[in-house]
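Protein chains: 2
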Amino acid sequence: MSGWLKVVGLGPGRDALITPEVSQILLEATDIIGYFPYVARVQKRPGLTLHGSDNRVELDRSKLALFLAAEGKKVAVVSSGDPGVFAMAAAVFEAIEQGPDQWCQLDIEVLPGITAMLAASARAGAPLGHDFCAINLSDNLKPWHLIEKRLRLASEADFAMAFYNPRSKARPDGFARALEILKECCKDDRPVVFARAVSTKDETLSIVGLSQTTADMADMRTMVIVGSSQTRVISRVGQAAWVYTPRSVPE
Amino acid sequence: MSGWLKVVGLGPGRDALITPEVSQILLEATDIIGYFPYVARVQKRPGLTLHGSDNRVELDRSKLALFLAAEGKKVAVVSSGDPGVFAMAAAVFEAIEQGPDQWCQLDIEVLPGITAMLAASARAGAPLGHDFCAINLSDNLKPWHLIEKRLRLASEADFAMAFYNPRSKARPDGFARALEILKECCKDDRPVVFARAVSTKDETLSIVGLSQTTADMADMRTMVIVGSSQTRVISRVGQAAWVYTPRSVPE
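Listed in order, the protein sequences are those of chains A and B.
Offset between the first sequence (1-based) and the working numbering: plus 22.
Offset between the second sequence (1-based) and the working numbering: plus 22.
Keep in mind that the hints were calculated from the coordinates and are not lab data.
Honestly, I wouldn't trust all of these hints.
A pair holds if it fits inside one copy or across any two, identical chains being indistinguishable in the list.
[Claimed, not checked] No more than 30 Å apart at the CA atoms, straight line, and that leaves these computed lysine-lysine pairs for DSS-like: (1) Lys223 - Lys95; (2) Lys191 - Lys96; (3) Lys205 - Lys85; (4) Lys171 - Lys209; (5) Lys164 - Lys96; (6) Lys171 - Lys205; (7) Lys223 - Lys209; (8) Lys209 - Lys164; (9) Lys171 - Lys96; (10) Lys205 - Lys66; (11) Lys205 - Lys95; (12) Lys164 - Lys223; (13) Lys223 - Lys191; (14) Lys171 - Lys85; (15) Lys223 - Lys171; (16) Lys164 - Lys205; (17) Lys85 - Lys209; (18) Lys209 - Lys96; (19) Lys171 - Lys66; (20) Lys171 - Lys95.
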């Protein structure tokens, strides 16, 4: 049996951000599995089968990938960004744990990618240059009170914070509540970066003081980064400001 | 004036993990600036000047880069991993803030890379598949009590935790204290990943229950990832176990 399963990250959008090891796997694969818009980023070619599927079927998609790899196919499960950050890698391991023992013996590998928060951070400057946390603001798979608890503790720890999935049509209200909590917990008007569709043709970037943020500044394609108490803004004439968090915290 | 300054990430070690956009910049640059071992990863060629420097001179290095860019040179400041995560990008912006106004008008860009925690996470499975934090355990640039506070709050928030710079010859004791705090704060024997020199020929990986961890399991080339209360281990016959954090947290 010569099949394998690689869970790969396509980065945030632009092809120049896909690692060579992932590009090579996309050339060797017989089957590509993933959410429709990510599968659509893979070049079609003879001998390659594309299996696009809808959102919220991550476990079914993982099982299909494992079945095909067990049959001898060379399967790439594609995620945007990094597959290990709020993406397909965890879903594949959940499926393995629920599946037949033989799936544990398959040739499986996770290949990292440029996750959205790092692309957004680079675009804005270096807001994640000191200790930080990454929180998925969707409460589809966890209770909302846990998100609130994490926001309060992350504020108290004075982490910079990167928020994935801040807001969607199905969850219009959570992000407004998150901003309320942050305005309450953070005593200062620290910078907030809204980075939408970074590295694609739809890219936009804005930097807003926390007190001025409103929920409609984010949608499902936006990465939100909230600075720590130390985060600084460097204004520039005629260009977007830079945002960075210094490496040091004074005693 | 045609100079520029790009702050680029070389990824964790293997060339196949360097993004094409960074590889292209390394070909276009006239000057490469960075810590000796990272500069040594860049291919020498006629017309390219390599400026390696020692650890702990990040601000001087940044100023040199800015001077050269202002003179019209095409300068790449190289970091291992991602330049925005405990690396050179924040130092460059600190230097800009301290420097002459004209440095603000330079053509400066940060190009992301695969940071160590994502490479380590991919190698182990998907331990960062749910909310997590990243903490630099070095107290060279921040007070130790802040690290302790963050460890306690991150435990309470039930984040998975990725630790950069856990231990060095100059700081032999901090990591032992960090492990003591985690053993006290985390009620369960969650998995801990020690991933050393990922993607290089020196790569090693081990997975240990928190109660069994000792400080000598890490050195300055080790990335340490501590699971959340939800993190799971999938054992395999004759192969390293997989570690992953499920996407969901039950109510």
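Comparing the hints with the structure gives:
no. : hint            : result
1   : Lys223 - Lys95  : between (34 Å within a copy, 29 Å between copies)
2   : Lys191 - Lys96  : neither (36 Å within a copy, 44 Å between copies)
3   : Lys205 - Lys85  : neither (42 Å within a copy, 36 Å between copies)
4   : Lys171 - Lys209 : both (17 Å within a copy, 18 Å between copies)
5   : Lys164 - Lys96  : neither (33 Å within a copy, 47 Å between copies)
6   : Lys171 - Lys205 : both (15 Å within a copy, 22 Å between copies)
7   : Lys223 - Lys209 : neither (36 Å within a copy, 47 Å between copies)
8   : Lys209 - Lys164 : both (28 Å within a copy, 21 Å between copies)
9   : Lys171 - Lys96  : neither (42 Å within a copy, 46 Å between copies)
10  : Lys205 - Lys66  : neither (47 Å within a copy, 50 Å between copies)
11  : Lys205 - Lys95  : neither (51 Å within a copy, 43 Å between copies)
12  : Lys164 - Lys223 : neither (33 Å within a copy, 39 Å between copies)
13  : Lys223 - Lys191 : within (22 Å within a copy, 47 Å between copies)
14  : Lys171 - Lys85  : neither (33 Å within a copy, 41 Å between copies)
15  : Lys223 - Lys171 : neither (36 Å within a copy, 42 Å between copies)
16  : Lys164 - Lys205 : both (23 Å within a copy, 25 Å between copies)
17  : Lys85 - Lys209  : neither (47 Å within a copy, 33 Å between copies)
18  : Lys209 - Lys96  : neither (52 Å within a copy, 41 Å between copies)
19  : Lys171 - Lys66  : neither (45 Å within a copy, 51 Å between copies)
20  : Lys171 - Lys95  : neither (43 Å within a copy, 49 Å between copies)
Hint violations for this structure: numbers 2, 3, 5, 7, 9, 10, 11, 12, 14, 15, 17, 18, 19, 20, all remaining hints satisfied.
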